[in-house]
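Position in the sequence shown (from 1) plus 8 gives the number in the numbering used here.
These are calculated hints, taken from the structure and not from any lab test.
Take these hints with a grain of salt, some might be off.
[Unchecked claim] Between beta-carbon pairs, the in silico distance windows are:
#: 1; residue 1: Gly232; residue 2: Ala56; range: 34 to 44 Å
#: 2; residue 1: Val73; residue 2: Ile105; range: 39 to 49 Å
#: 3; residue 1: Gly232; residue 2: Gly62; range: 48 to 58 Å
#: 4; residue 1: Asp95; residue 2: Val142; range: 41 to 51 Å
#: 5; residue 1: Phe135; residue 2: Arg102; range: 38 to 48 Å
#: 6; residue 1: Val149; residue 2: Val174; range: 18 to 28 Å
None of these values were measured; they are calculated from a predicted model.
Heads up, the beta-carbon is just placed ideally off N, CA and C, and yes, glycines get one too.
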Amino acid sequence: MPFFDDAGIVRENHRGPVIGALAVFGEQVERMVGVSLAWAVTLAPAAAAFALPGLPAGVRAVMFVVSSLAVVPATGALYRLAATALDGDEVGVRAAIDAVRSSWLTSLRVLGPLYGAVTALVLTAIFATGLHPVAAVVAQVATLLALTASMFWGPLLARVPDASTVGVLRGSLLLAWRSPALAAGVGLVTLVFVAIGVLTIAGMALAVPAVLGLLHTNLVDHAGGMDG
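Required output: the full structure, derived from the provided sequences and hints.
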């Protein structure tokens, strides 16, 4: 099909979260690659800090902080653009600017604490492996649940921009409870794409962020959003 025609881009939710997300990515592939590249740029300072261990510790710490702060609003904007694409609209420069302008502060306020909490849980699960077996299992289960819920956070905020942190958290748990099989399936596909991104730097920079944004947003749409 044409990259973009006068009739617009057709939203086809009936194909399911995975196929539907990949179809929309293909319909706007050049623009989606641009979205992925823009998101990946926020990780450049952290990547440089990893690649240059000889830098002063203070400089490396600042680079990590810069990436940590930049990636949150970038993620919020990515999900906003994914929602735009899934709604059948063109993702262009103007849409990207509007997404960043309208979502950066809300993303920091709502998504920042949630992503910070899940990062802390992941680190706890890693360090708990050397502790009591029960503590390790509890930490691992909590981390798995948090990672599952995290797939819903960005899309929920994109669909309901005035949602609070508690509202997004509650909505994610409700949707995961309502559609456990769907969430599990999308979670497995997410792991596959993350592995591809880790193993191929080009994949992480060019495709994976946008594909995951579309995938998770389509998951929320199929699970029912924040209705009920």
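Quiz prompt | Hints violated by the structure (listed by number, smallest first) | solution = Checked against the structure, the only hint that fails is number 2, while the rest are satisfied.
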